[in-house]
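Turn these sequences into a full structure, and let the hints guide you.
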Amino acid sequence: MAGAHATQHPKLQHHFDNLDQQFEASALGMWLFLVTEILFFGGLFLAYLVYRIAYPEAFAEASHELDVVLGGVNTAVLIGSSLTMAMAVWSAQLGKRSGQMLFLALTIGLGLVFLGIKAVEYSHKFEHGLVPGPNFRFESARNPVPAQLFFSLYFVMTGIHALHMIVGIGIMTVLFVMAFKGRFTRAYHTPVEVSGLYWHFVDIVWIFLFPLLYLIDRHGPVGH
Amino acid sequence: MDTAATPHANYLTDGYGLKSWLLTKDHKRIGLLYLISVSAFFVLGAVFAGLIRLELMTPAGDLVESDVYNKIFTMHGVIMVFFFLIPAIPAVLGNFLVPLMIGAKDLAFPRLNLLSWYVYTIGGVFTLWALVNGGVDTGWTFYTPYSSAFSNSNVALVVVGIFINGFSSILTGLNFIVTIHKMRAPGMTWFRLPLFIWAHYATALIMVLGTPVIAITLVMVAAERLLHFGIFDPTLGGDPVLFQHLFWFYSHPAVYIMILPAMGVMSELVAAFSRKRIFGYEVVAFSSLAIAVVGFLVWGHHMFVSSQSVYAAMAFSLLSFLVAIPSAIKVFNWSATLFKGSISFDSPMVYVFGFIGLFLIGGLTGLFLAALAVDVHVHDTYFVVAHFHYIMVGGTIMMYLGGLHYWWPKIFGKLYHEGLARVSAVVIFIGFNLTFFPQFIVGYLGMPRRYHAYPPEFQLWNILSSAGAVMLAVGYAMPTFYLLYSLVKGKPAPANPWGAKGLEWETPSPPPTHNFDTTPVVTEPPYNYAK
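Residue numbers (the working numbering), protein chains in the order written: chain G, 1 to 224; chain H, 1 to 531.
A couple of the hints might just be wrong.
As a list, the in silico DSSO-like pairs of lysine-lysine whose alpha-carbon atoms are at most 30 Å apart [stated by the list, open to error]: (1) H:Lys25 to H:Lys489; (2) G:Lys11 to G:Lys125; (3) H:Lys25 to G:Lys181; (4) H:Lys414 to H:Lys489; (5) G:Lys11 to H:Lys491; (6) H:Lys25 to H:Lys414; (7) G:Lys96 to G:Lys11; (8) H:Lys25 to H:Lys491; (9) G:Lys11 to H:Lys25; (10) H:Lys25 to H:Lys182; (11) G:Lys11 to H:Lys19; (12) H:Lys489 to H:Lys19.
Since the hints were derived computationally from the structure, they do not count as laboratory data.
In structure tokens, the structure reads:
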């Protein structure tokens with residue numbers, strides 16, 4: 001474990017023996033938090049699974065209303081943001097302040113692009129009456145009732161994912177300010193590392209959401 | 001920081017202002033904040049229980065309308081389950097003791113710990129707001145489509161309150177797991193951990209794995225009520241039974257969130273007052289984990305009559321029988337620990353014997369309910385009500401109080417009136433049995449739950465039950481008075497009034513702010529009593 005010099009580090013909280021222990025605790029805490037997130041989204045994925053098995057045709061038909069191009073671009077944007085996040089962590093490990101700021105800014109930017117494209121998609125759904133509720137209109141559908149269920153799940157799943165993106169962008173903004181003030185060094189960069197874990201997790205959720213929601217039966221005969 | 005220099009300073013004297021409490025990051029003070037909050041909710045929940053027993057004194061529904069009665073039992077359930085039983089032992093005793101027992105200065109994330117109390121309080125405010133606003137009438141289970149499409153009460157408010165409150169549970173569980181993994185004192189190996197710690201580790205796993213599922217389920221209910229998203233609505237193609245699956249995936253393990261910490265307290269108390277090592281330490285430790293794991297696989301036994309497939313029901317029935325095994329192992333091992341021990345009947349030990357009696361009855365009647373055919377007969381009757389009260393009240397509250405009596409001198413540095421404490425334990429035990437044993441009988445005879453009126457032939461059993469509730473109220477009121485009185489007039493407690501083993505007894509009563517003047521080094525196995 002770390003020597004006596006570590007005990008004097010200003011970032012060491014009083015109840016830890018050294019920075020290593022403090023970092024390990026934070027990292028384990030974040031991994032556990034991500035486990036809770038998996039179970040949180042797990043409830044939605046279960047509901048999706050149950051209803052997709054119950055109504056395969058309606059789900060395929062409704063899925064064709066989603067914009068594959070915008071969804072695909074967003075997938076690329078998020079994967080790109082994972083790369084910049086990893087670069088930000090790497091810069092923090094090396095204690096490079098300018099690198100931290102650049103890559104955190106890029107991560108924030110890509111996150112905002114994702115949310116912007118998502119907003120465009122949502123507004124199209126509103127215009128086409130594809131939001132569940134009294135104003136739901138999907139007249140061309142052969143199974144309008146389960147199609148509405150698909151859109152309920154679409155909005156809840158992507159909405160909660162977007163909420164996680166917004167929280168993530170908030171965290172990245174705080175990190176950016178901290179990086180600007182030169183808070184992260186080789187010895188101490190725990191917040192960047194654990195926030196990176198969170199960011200990658202939110203990306204991975206999207207990697208599952210995109211095919212499940214956008215790509216049902218794209219090769220098959222249904223619809224087009 | 002300079003507590004070592006001033007040996008008489010302790011965490012209670014380290015700042016007196018309101019701010020020093022409301023902004024504290026000390027796990028001991030946060031434990032006391034929780035103690036005050038959960039006690040307040042317990043009193044509120046008990047008032048609703050009293051109203052239920054008052055209504056059921058007579059067969060006719062003459063005290064309140066059926067609508068009001070629905071709200072009374074719902075509020076009783078919501079408050080007792082989510083705001084008392086789930087946080088009671090982990091957030092009060094666990095918060096106070098987990099760092100002390102493993103020789104740490106604090107939990108790993110003190111700020112998250114304080115946040116958990118605020119989150120709990122905000123969730124509580126939402127629930128109370130709903131209560132003042134006219135209450136909620138769905139039952140604490142919020143079954144759809146009643147909760148999503150039909151109920152006209154404040155479902156959304158309460159659902160939001162419980163959603164928020166869930167995060168306090170998640171934060172507490174996360175904090176315990178990280179603390180137990182990363183913050184143990186030198187020499188405190190996994191198999192030197194007190195069984196209280198093992199029990200809280202298992203509890204924390206359930207909190208972390210289960211609570212998010214109820215959270216997302218409640219989000220879906222709220223989306224259905226507020227935004228007309230029809231995930232559980234049959235008219236929109238949704239399936240109300242899916243709600244039951246998701247709900248019980250959390251809410252059955254939640255019962256183990258309530259009972260596992262109580263079992264942890266049991267292990268400490270049995271060893272301390274028998275002056276013996278716990279019999280089969282490793283087995284007791286692993287049985288906690290086994291309960292946590294198997295507890296996640298039994299939720300379907302709540303749905304034997306909810307159109308679940310017969311084969312699923314058979315599997316769930318078998319798994320429910322299995323979960324009885326680790327619970328039974330614990331009871332056998334506690335009994336074996338008592339065998340040839342130097343038993344003393346101090347007040348916490350009287351609670352121990354009360355727990356064994358009540359948990360035995362509660363656990364064995366659980367086997368009746370796990371059996372498919374019997375369950376179809378007694379489903380939704382008072383038999384079920386009696387069963388889970390024997391576990392949740394007879395088990396959890398007995399050990400909550402037993403633990404509170406055992407560690408009270410440590411927490412406050414004061415001794416309470418021992419004679420009154422023993423009497424209160426006996427009053428609670430008798431009052432509890434008088435309240436709930438008649439409910440087994442009347443339930444088996446066919447009296448359903450959740451009605452404010454019943455056939456006249458059931459009146460005798462209901463009057464016995466209500467009389468027991470009065471006795472129980474007296475039993476619960478007694479500790480409130482003599483414990484509070486001890487804070488004013490109690491004799492100062494020594495560091496180790498029971499002569500017990502464990503790191504928490506090696507530091508002064510009350511402990512200093514940083515728990516130990518020097519970090520303890522553990523060199524011996526747990527419960528290293530002479531025998």
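Now the hints, each set against the structure:
Under the criterion of a C-alpha separation no larger than 30 Å, the hint pairing Lys25 (chain H) with Lys489 (chain H) is consistent with the structure, at around 29 Å. For the given pair, Lys11 (chain G) sits about 48 Å from Lys125 (chain G) by alpha-carbon distance, which is inconsistent with the 30 Å threshold. Between Lys25 (chain H) and Lys181 (chain G), the direct Cα distance comes to roughly 26 Å. Compliance with the 30 Å bound is thereby established for this hinted pair. This hinted pair checks out: Lys414 (chain H) and Lys489 (chain H) have alpha carbons roughly 8 Å apart, not beyond 30 Å.
Proposed proximity of Lys11 (chain G) and Lys491 (chain H) is contradicted: the alpha carbons are some 42 Å apart, above 30 Å. With a CA separation close to 24 Å, the supplied pair Lys25 (chain H) and Lys414 (chain H) stays within the 30 Å bound. About 18 Å separates the Cα atoms of Lys96 (chain G) and Lys11 (chain G), which keeps this hinted pair within 30 Å; it holds. A C-alpha spacing of about 29 Å is found between Lys25 (chain H) and Lys491 (chain H), which places the hinted pair at or below 30 Å, so the restraint holds.
The hinted pair formed by Lys11 (chain G) and Lys25 (chain H) meets the criterion: a straight-line CA distance of about 16 Å does not exceed 30 Å. Only pairs whose Cα atoms come within 30 Å are accepted, and Lys25 (chain H) paired with Lys182 (chain H) is accepted, the gap being roughly 19 Å. The suggested pairing of Lys11 (chain G) with Lys19 (chain H) holds, with an alpha-carbon distance near 24 Å, which does not exceed 30 Å. Proposed proximity of Lys489 (chain H) and Lys19 (chain H) is supported: the alpha carbons are some 26 Å apart, at most 30 Å.
Hint violations for this structure: numbers 2 and 5, all remaining hints satisfied.
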